[in-house]
Amino acid sequence: MVRSGNQNQRHDRWQRIGGERLYTFARWLVVAILIGISPLLSRYALLPLTLESGSVVILIWIYIGFSLLMTLALFVPLLDPLLKWSFLFDVAFITTMVVLNDERNGVFFSLYVLPLIGTATQLRSITSLLSGTITALAYSGAYLVSLSNTGVPAQPLDYAALGLRALAITFMPWFTSNMAERWSDNNRRRVDQAQLQTEEALRDAQSHRDQMRSLYEVAYTLSTTMNYQKVLESALLESHKLVPYVSGLVLLSTGKTDELYVAATRPTYAGDQGRHLMVGKGAIGTALRSGNATLINAISQEPELVAIGALRACHTAYVIPLRAQLRTYGLMVIAGDRPNAFRREQLDMLTALANYAIIALHNAQLLIDLKEERTKLISKEEEVRRQLARDLHDGPAQALAAITMNAEFIKRLLERDPSRVGEEIDKLGALAKRTTHEVRTMLFELRPLVLETQGLRVTLEQYLERFQTNNNGTQILLETRDTEEVTLDTKTEGTLFNIIQEAINNALKHAKARHIYVSLKREGEMLTATIQDDGKGFDLVRVMQSYEKRGSFGLLNIDERARLVGGMAELHSAPGEGTTVRVVVPFEA
8 MVRSGNQNQR
18 HDRWQRIGGE
28 RLYTFARWLV
38 VAILIGISPL
48 LSRYALLPLT
58 LESGSVVILI
68 WIYIGFSLLM
78 TLALFVPLLD
88 PLLKWSFLFD
98 VAFITTMVVL
108 NDERNGVFFS
118 LYVLPLIGTA
128 TQLRSITSLL
138 SGTITALAYS
148 GAYLVSLSNT
158 GVPAQPLDYA
168 ALGLRALAIT
178 FMPWFTSNMA
188 ERWSDNNRRR
198 VDQAQLQTEE
208 ALRDAQSHRD
218 QMRSLYEVAY
228 TLSTTMNYQK
238 VLESALLESH
248 KLVPYVSGLV
258 LLSTGKTDEL
268 YVAATRPTYA
278 GDQGRHLMVG
288 KGAIGTALRS
298 GNATLINAIS
308 QEPELVAIGA
318 LRACHTAYVI
328 PLRAQLRTYG
338 LMVIAGDRPN
348 AFRREQLDML
358 TALANYAIIA
368 LHNAQLLIDL
378 KEERTKLISK
388 EEEVRRQLAR
398 DLHDGPAQAL
408 AAITMNAEFI
418 KRLLERDPSR
428 VGEEIDKLGA
438 LAKRTTHEVR
448 TMLFELRPLV
458 LETQGLRVTL
468 EQYLERFQTN
478 NNGTQILLET
488 RDTEEVTLDT
498 KTEGTLFNII
508 QEAINNALKH
518 AKARHIYVSL
528 KREGEMLTAT
538 IQDDGKGFDL
548 VRVMQSYEKR
558 GSFGLLNIDE
568 RARLVGGMAE
578 LHSAPGEGTT
588 VRVVVPFEA
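Quick note, the sequence shown lines up with residues 8 to 596 if you use the numbering used here.
Treat each hint with caution, since some may be false.
[Said to hold, decoys possible] Straight-line distance between alpha carbons at most 27 Å, and here's what the computed BS3-like set of lysine-lysine pairs gives:
1) K434 - K263
2) K543 - K519
3) K263 - K237
4) K516 - K440
5) K378 - K263
6) K378 - K498
7) K418 - K440
8) K418 - K434
These are calculated hints, taken from the structure and not from any lab test.
Quick caveat, the model's predicted, so the values are computed rather than measured.
Using the sequences and the hints, build the whole thing.
What follows is the structure, given as structure tokens:
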């Protein structure tokens, strides 16, 4: 504090000295003018200075000495008081010069401008008016003495000129002081305004730093939380720290179309927890389907939100979709109890926080999916082994046994009835061909080599050719559109082929369909595969609720498999309406 006070004192002195330096510079200009006109004022030369030099010359040298002293005072703090009252000496000097010279031509009148204006900038207006009045009286007296010394009778015009000059001297410092005060007030207001703007900018900067710190803490908290429910609760808690709200809640999808349920609330509202609601065409539905945040200015006009008890006392709500990649988890709703409850920067903060929450939610869901997928993978591996064993036993193993038996039978025919050997060998060859075809089909279904060499489209064409002559009369049609430049990575290609293969096999075994339509279509940066049949269909809701059937019915976990490669899948079916499987995966541009 002491150091700061000393700095302020030095700053104030430097500002004051800055004005005095300008004053001193002007004083030296006056000295230069006096030296220039000294031959006109006195018959004595300035140099050399002697006792016989005239009073005017001596007075000029005194003023030169005074100017030197004032110049020295600029650099010596002890002489500061002399600077403040130096204008009195200037006025006295000019007045004396008026007395000693003929002032009818007003030579010295103009020199009063320097001390009067210089002093007026440092004094208040009333004090400046007083100093101007005293100086005007002194000048008038000196002027009259100067006239009497000349011995020339004064004319009325001389008195008129004296009166005008006296008025100018009287009001010049007052007018200057008023202007200086006005300028000073304006400058002070500008400085105050600039200071307020600076303080506001500092507050905004501090607020921004606090918000960034809060966002960092939110990101850290959410990134270290892998529990699904804790992520939701943490998101609402941290949102309240950033933007104080009246009520906040998270709505998650139930898995059914346009149906959400209340997964978390803050503050806790027992009547809302687990409540289900259908999404219509209002703001909630718009936000859910578009993926864009929506500001609701009148909750009372939104039927979906009015049904939620925690929001009945609220007026404004900000709805943020919780969406990651192609999957929409639900919505986060932050509500206030008055119109325009949230500022734009607060909405931006909520959106940023929701993005962190989405990542944490997505990670938590991925962890759950990973655990479920690991369990399913182990079960599926065992199931595939059993299925492969059954297929080998029912197909190639029995065929090979039949071939062995036929070979033994042909040996005996060679001894008993050679004429029948040719016919039996033909039957044996046909059986061997069928067995070879079955083995190749099994190998193709396990991992077709052509998938790695020629891509998905060619693989599907070759795969579907094997079913053109199927026994149940089902016709399989393949359509591809804009897929020539689509390139899938090995994992995505294999996963998509397996899903299509499983959908076709399921339709052939269970659907009793006359047609199966398979299409591959490019939509922007995504590849869409659709497998649709006109078979008998099934009750999807009932099957989904049955864990045993879900575990054995491979089509029901296609969404999990599609998400593993960054895509999504949908399954639609109803009794008598057939079944449609739609898979969307990203491809390499």
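List, from low to high, the hint numbers that the structure doesn't satisfy.
Violated hint: only 1; rest satisfied.
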